[in-house]
Amino acid sequence: MDSENDIFQMIATTLRDLENSNKMKQLINNAILRGVSAVEIIEKGLRRGLELIGQKYEAGEYFLSELLYAGSIMNDAIEILRPYLEHEKIIKKGIIVLGTVRGDIHDIGKNIFKMFAEAAGFEVHDLGVDVDPNAFVKALKETGAKILAMSALLTTTILEMKTVIEHLKQAGIRSNVKVLLGGNAVTKEFAKEIGADAAALDAVEGIEICKKWVEEK
Amino acid sequence: MMTPRERIKATIHFRKADRLPWYESIPPATLVNWIRQGLPADKITKIEWTMFMGDGCILLPDDKFSDFAPTEYFGIDNILSLRVPLDLGPLPRFKMRIILETDRYIEMIAETGVIARRLKEAYLYNMPMYVSFPVKDRKSWNEYKVRLNPKDSRRYPKDWHKDSYIEIFENYQAGSTVLFITGFYGFGAQLMGIPTFNLMFYKDPELIYDMVSHWEYFTIETIRDAVETLKDRIDLVFWWEDLASRHGPNISPKLYRKFLLPSYKRVTNFLKKNKIDRIMMDSDGNTMAILDLAIEAGITGHWPLEVDSGMDARIIRKKYGNKLFLVGNIDKRAVVKGGKVMMEEVESKISVLKETGGYIPGIDHIVPPECTLERFKEYAEYVKKQLLFDS
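Top line first, the protein sequences correspond to chains X and V.
Quick note on this note's numbering: the first sequence kicks off at 1 and runs consecutively.
Quick note on this note's numbering: the second sequence kicks off at 1001 and runs consecutively.
Check before you lean on any hint, since a few could be wrong.
Said to hold, decoys possible - One side of the interface only, derived from the structure: several residues of chain V facing chain X at Cβ under 10 Å:
hint, residue
1, 1064
2, 1104
3, 1130
4, 1172
5, 1198
Bear in mind the hints are in silico, worked out from the structure with no lab data behind them.
The structure displayed is predicted, hence computed values, not measured ones.
Glycine is no exception: its CB is placed at the ideal position from the N, C-alpha and C atoms.
Let the hints inform the model, and build the full structure from the sequences given.
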């Protein structure tokens, strides 16, 4: 009989190899029948699988289609586990406030980041698009989030990110919050220039940065 | 001295021209800024002459403002000048209507069936957010497909008299003549939205096969008459695709080979059989991982080669030689900065690619609105000097 570690490994590689949902469903059901904790299935199996997906994406073996499909398999798996999660508590990695800045109404990149951040164990408060700087400040205060992830697609709207950072300073919370920038118009130089903590060139890199920040604490 | 058309044609076929052509795509947002900054609007005004009928008894020539066209004013060579007048959109069109309006937004059903939200404020500087797409699954695709009938007579203009069009396309010299085609990735992403479309390659591959098969049939049969009539009087095919981001292509080479390549080959073979072999892929982002396949598919040119996505025309030229003519690749950020940074960027690209041929310099995508008129003039003056060949 397979050990629990073997089961987690199989779940992780099934996700990594983008095998169909039926195989994943079977693996998860078998694990539950054996009394494996749903939380552990997520944390040691599915999240590990997601890390492997991220590695393949960074290595240029996987592309957007593969990321989205992995996210879809992961969501289906979590749906199977949901009834069992009522009795177990998942420890959240951290809280992220997320949004596209004022004047910009693009959300594809933001939504992909959200999907992967949640799958990686973060609690995400998505404020949507065209978000007023004060709304970011309010959400950070209310949720106690230590990470603000902002997105902007356009070169005409990225300066709004600087305005948001100014608002954080005025509200006296800048030093408590790590600021991550994303979106097509953003560069690492720009992040440095406006006093953000980091810029991510894609969702996978963004999640890795957030995980690193949480681990550093 | 060559005409703009002769110059562009010579260059994209890797023949020597009197100088390099120069191409820029200037969006309305940038033009409006420039007019505010002193660009004389009357010098870039495009006028259409019509006949004005007053009271039914007089017939006077009337000038009607139709657009701003800064190409001639700056001495830009227009590579997308005379278009083959085909309608490759859904027919009948969806009825446009506003479904929501607030102080800040306007949300509407567009003619393609997409529901788009726009910011009212500074709408010129923004692109819409797509709220929903007309194709979501097999059922909605089957419904949509009915609108993509190549035999619909509205696809060609009412005045489609072949001999007249042959004469126009034969004699035109102000720029190159062009046929616009939407590649299958662009087609699917427009109908379903990028996330859903990308996901369907895994979740419902049969749907993707059906879509690509219909795209191929629809494209070939719609363009057939124009292509077989005009043949190589069409200088260039503009193959809109937009299949990549900064990280790389949205779909893997594996999916490209499996789903796109066979149909792409059949469409480009049809074009080539009719002596049209300059087919330029328009895709932002980093396309390096699929360039081998794009060439195998029949693509022979590429625009805009965005520098901040890691594209470098010199590397592409070295790797692919004359298999691809290249357009763009001047880093927009360097042009915005101006001065020495701009000059070094322009010089570093043109000095190398002028020698190899098959290169049309230009900013690597649209001229961004933050590029001031002063900066653009400085860039234009400098780039034009670099276009000349040593005598």
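A quick look at each hint next to the structure:
Because the beta carbon of residue 1064/V sits about 31 Å from the nearest beta carbon in chain X, more than 10 Å, this interface hint is broken. About 7 Å separates the beta-carbon of residue 1104/V from the nearest beta-carbon of chain X, less than 10 Å, and the hint is met. Among the interface hints, the one on residue 1130/V holds; its C-beta lies about 9 Å from the nearest C-beta in chain X, closer than the 10 Å criterion. With a cut of 10 Å, the hint placing residue 1172/V at the interface with chain X is violated, because the nearest CB-to-CB distance is about 35 Å.
Evaluation of the residue 1198/V hint against chain X yields a held restraint, the C-beta minimum of about 4 Å falling below 10 Å.
Hint violations for this structure: numbers 1, 4, all remaining hints satisfied.
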